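Use the sequences and the hints to build the structure in full.
2 protein chains.
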Amino acid sequence: MSESLRLSRRTLLASAGAGALTASVPGRAAAAGPDEAPSGPSEAREVDVAIVGAGLTGLTAARQLKQAGRSVHVVEADDRVGGRVWTVDAADGTPVNWGATFVGPQQTRILGLAKELGVGTYKTFNTGKNVQFFNGNRKTYQGTIPAVDLGSLLELNTLMSRLNGHASSLDPAAPWAEPRAKEWDAQTFYTWIRTNARSTQTHKLLDLACLSLFSVESQEIPLLHVLFYIRSAGSLQVLLNTGNAAQEQQFDGGSQRIPELMAAQLGDDAVTLSSPVRRVVTDGDRTIVHGDGVTVSAKRVIVAVPPPMIPRISFEPGLSALKDQLCQRSPMGSVGKAVAVYDRPFWRAKGLTGQATSDTGPVKITFDISPGSGTPGVMMGFVDGQDAREFGVTSLADRRAAVLEQFTTWFGPEAASPKEYLDVHWDSLEFHRGCPVAVPQPGAITGYKGALSAPEGALHFACTETATRWSGYMDGAVQAGEVVAAQVGAAL
Amino acid sequence: MSESLRLSRRTLLASAGAGALTASVPGRAAAAGPDEAPSGPSEAREVDVAIVGAGLTGLTAARQLKQAGRSVHVVEADDRVGGRVWTVDAADGTPVNWGATFVGPQQTRILGLAKELGVGTYKTFNTGKNVQFFNGNRKTYQGTIPAVDLGSLLELNTLMSRLNGHASSLDPAAPWAEPRAKEWDAQTFYTWIRTNARSTQTHKLLDLACLSLFSVESQEIPLLHVLFYIRSAGSLQVLLNTGNAAQEQQFDGGSQRIPELMAAQLGDDAVTLSSPVRRVVTDGDRTIVHGDGVTVSAKRVIVAVPPPMIPRISFEPGLSALKDQLCQRSPMGSVGKAVAVYDRPFWRAKGLTGQATSDTGPVKITFDISPGSGTPGVMMGFVDGQDAREFGVTSLADRRAAVLEQFTTWFGPEAASPKEYLDVHWDSLEFHRGCPVAVPQPGAITGYKGALSAPEGALHFACTETATRWSGYMDGAVQAGEVVAAQVGAAL
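Order-wise, the sequence lines are chains A and B.
Each residue of the first sequence is one higher than the last, beginning at 1 in UniProt numbering.
Each residue of the second sequence is one higher than the last, beginning at 1 in UniProt numbering.
No wet-lab data here; the hints were simulated from the structure.
Hints may be right or wrong, so weigh each one.
Which copy is meant is left open, so a pair is good if it fits within one copy or across any two.
Pairs of lysine to any residue residues, derived as SDA-like cross-links and limited to a Cα-Cα distance of at most 20 Å, are as follows [to be verified]:
1. Lys182 <-> Thr200
2. Lys182 <-> Asn196
3. Lys299 <-> Ser373
4. Lys182 <-> Arg194
5. Lys350 <-> Asp48
6. Lys204 <-> Arg180
7. Lys182 <-> Glu390
8. Lys182 <-> Thr195
Keep in mind that this is a model prediction, so the values were computed, not measured.
Structure (structure tokens):
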């Protein structure tokens with residue numbers, strides 16, 4: 001299985017060598033056979049627990065239930081395991097994370113899992129100065145304090161403290177229970193920023209923080225969800241920083257090695273790939289999961305997919321109105337990633353970390369994601385929110401030109417000629433609909449409370465969005481898997 | 001067909017005679033045969049245009065294309081035509097509109113259509129005083145001016161003028177193009193109300209207006225969409241009022257007579273009911289619509305379902321990222337309707353219109369929806385937003401008791417003993433997911449612009465949400481159908 005998973009890594013990759021500009025647009029996933037499968041023969045399985053989705057949550061749950069002596073089967077729509085953890089190989093074989101990339105020392109669950117599986121980590125390159133590109137001017141600065149005027153800095157500091165303070169009052173398992181929750185859920189983060197900060201520099205920096213965390217503009221998210229996210233991680237600083245924070249480390253060989261090794265441990269026979277689940281039918285004490293080419297009969301089913309993917313399945317009996325409407329109110333963020341591979345990370349020799357922030361797109365945030373060896377040099381740019389929407393409808397040639405122009409302005413002329421340019425557009429992927437995380441809309445958290453994770457009959461629900469610690473991260477996905485496995489174990 | 005449609009009207013109706021309280025909860029729609037159909041034989045059709053959805057939009061388009069000499073076939077998930085236009089019969093045969101009910105003199109498209117089909121209208125009873133129940137106190141008032149202090153009234157008047165003024169600056173075909181659109185899209189209506197009004201009475205009245213128009217709380221909707229809605233209708237007053245406004249009239253025999261007659265004109269053979277469309281596959285110059293039990297091959301396909309229903313279909317090739325993400329950001333409102341049938345409209349003799357507004361639920365707005373003859377008396381209560389969420393998880397006995405207690409407080413002891421109590425919960429209907437209309441979330445209109453109605457290959461999209469005049473209403477549904485029919489006619 002490991003081999004076939006690795007072969008599939010290049011699926012969907014929009015790649016062009018430096019001399020090979022093509023006009024191909026990052027496409028919608030070539031749907032894995034829904035056209036053929038319904039008419040083809042369907043393999044029948046019978047297990048204790050069927051799991052929909054082979055992301056970190058589903059695989060964690062499957063692994064834990066198997067260790068407890070339960071029989072499991074995982075059905076996955078993509079032709080690979082990992083879900084939002086997806087690593088592709090650049091032309092020279094360098095692993096590039098299209099999905100979840102970074103891990104911080106506070107994220108003990110995913111770090112523990114990686115250690116158990118023998119997947120090492122290395123530190124994200126973070127020595128030197130960062131680049132800031134605001135109002136057409138390039139500046140550099142050291143550490144985490146951006147190059148803005150003192151007044152804006154003080155204001156930013158005050159507001160970050162206020163956000164951390166509000167967040168600390170939340171119960172991450174019931175953020176709706178805080179007395180001020182309704183007020184916080186009734187306003188967008190955009191409104192809160194403009195109400196509380198006078199400096200347009202502060203507005204810009206907090207808008208950028210929002211983009212970098214959620215891949216949505218600050219008007220697309222309620223304050224309450226920002227506060228929940230901060231609470232679930234610990235502080236805004238631990239979310240945003242690199243050293244001793246969420247961007248500190250990366251996994252040797254790419255993040256997807258973790259789900260690949262988990263799937264390999266489950267066994268070839270326990271995961272069906274390229275099998276989008278279309279229907280889940282409960283009849284008496286059995287529930288049947290209908291994927292393309294496979295039918296799994298189980299006592300319990302774990303639906304381990306992000307909120308916007310849940311209602312794409314036909315459930316019989318139907319989902320509760322509360323869960324269905326909450327899923328309607330939890331859209332995925334909008335994100336692309338643009339990567340340039342160079343012979344070496346040339347910016348390091350210039351005293352630059354490779355981290356940049358910009359107030360103009362398509363790329364507004366960059367990171368050095370070179371392998372631990374330092375060779376080749378890999379520069380990654382996030383394309384978030386409105387930029388991602390516009391990025392998704394331009395040609396590969398235009399995307400490449402726009403991104404490399406930005407990299408050149410920020411890091412120097414060497415950036416213009418990478419060995420390879422590649423990018424991905426998550427919004428276009430049929431089985432993802434966006435990334436990195438679903439964002440509950442204003443009023444949804446207080447209106448629907450815990451409806452997302454509530455079991456319904458034989459159905460259980462888990463994803464990084466249901467986590468209470470590092471929700472939205474790999475660590476949260478593992479926590480969600482552990483919680484649902486315990487829940488199902490107790491119900492069996 | 002007309003006969004079978006009428007028979008199906010009682011589907012999903014949670015009904016209990018006065019003496020027959022049952023514990024049944026308004027259920028998720030008994031899914032129309034997805035379990036059987038995929039394995040059963042599928043009828044194959046070949047037409048010029050396939051239409052997904054037999055609501056007013058789909059039927060208008062089908063009718064217009066047929067009149068232009070095109071062959072059409074309509075595939076509908078429900079076991080009835082009408083979509084959000086749905087009339088059931090009370091035990092005594094009185095038609096009760098579960099869905100769209102009212103029509104105003106400005107709504108010339110739907111009125112013209114009704115006239116053409118021979119469906120008459122009658123005036124909503126509007127003589128006497130309205131009831132207002134705020135802070136536990138019952139007051140009555142005449143006309144459209146609520147019973148609040150003068151300061152609040154003046155403030156309300158100022159704010160309504162301001163909303164109308166802002167709205168008038170919008171192009172209803174491109175609300176995102178207004179220079180202030182981004183600012184208006186970045187804040188919730190809740191925020192706008194609290195920023196602009198000091199009186200809590202004003203807050204309450206505008207929150208209630210929001211609930212009554214969209215069935216969402218004011219925190220669940222951006223200001224820009226409220227303004228678009230006002231613009232598309234003409235003014236806030238024409239949306240909210242009864243006389244000479246959107247609630248002025250009702251259709252003899254129930255609104256669903258219109259789609260029923262339209263379907264009858266199309267012919268028995270042109271509509272397949274109980275056939276949820278699962279997949280739509282374009283291959284060369286034909287597109288195949290796969291419904292349960294029917295497969296329609298067409299040159300063009302009109303997807304005439306509300307935004308949250310669109311992505312429940314698997315499209316090959318996939319939907320554009322823009323349309324798919326906009327649909328993720330356009331949840332349906334949350335709404336139930338509770339109806340009590342009395343021998344006579346006893347409130348009329350007391351000098352009451354039967355119209356009440358309340359600041360406590362489950363019912364916050366009522367209307368006299370008795371037939372034009374005035375017999376029997378039918379009182380209808382809207383259960384909107386948060387109230388609808390809570391209503392949906394209580395028993396029929398509890399719902400009946402709560403609603404009749406409210407009706408009794410407002411209209412007198414006679415209200416306690418109806419001939420029949422019935423209710424519906426749209427959020428629980430698998431093929432609707434809520435009602436009356438999809439609400440774009442903050443940032444969506446400016447972020448995704450016209451993506452909802454943009455054709456994609458052989459696919460065209462229309463629903464009342466794509467209308468520019470009376471969007472969200474029956475009139476808008478007809479307009480949307482006319483527009484898409486012209487678009488498809490030109491493309492064929």
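Tested hints:
For the homomeric pair Lys182 and Thr200, the shortest alpha-carbon distance between copies (16 Å) is at most 20 Å, but the shortest distance inside one copy (27 Å) is not. For the homomeric pair Lys182 and Asn196, the shortest alpha-carbon distances inside one copy (18 Å) and between copies (19 Å) are both at most 20 Å. For the identical chains of this complex, Lys299 and Ser373 are neighbours neither inside a copy (47 Å) nor across copies (56 Å), given an alpha-carbon limit of 20 Å. Both within a single protomer and between protomers do Lys182 and Arg194 lie at most 20 Å apart by alpha-carbon distance, with minima of 19 Å and 14 Å respectively.
Taking the shortest alpha-carbon separations for Lys350 and Asp48, neither the intra-copy value of 57 Å nor the inter-copy value of 64 Å comes in at or below 20 Å. Taking the shortest Cα distances, Lys204 and Arg180 sit within 20 Å of each other only across copies (19 Å), while inside one copy they are farther apart (26 Å). In this homomeric assembly, Lys182 and Glu390 come within 20 Å of each other (Cα to Cα) only across copies, at 16 Å, whereas the closest approach inside a single copy is 33 Å. In this assembly of identical chains, the alpha carbons of Lys182 and Thr195 lie at most 20 Å apart whether taken from the same copy (17 Å) or from different copies (16 Å).
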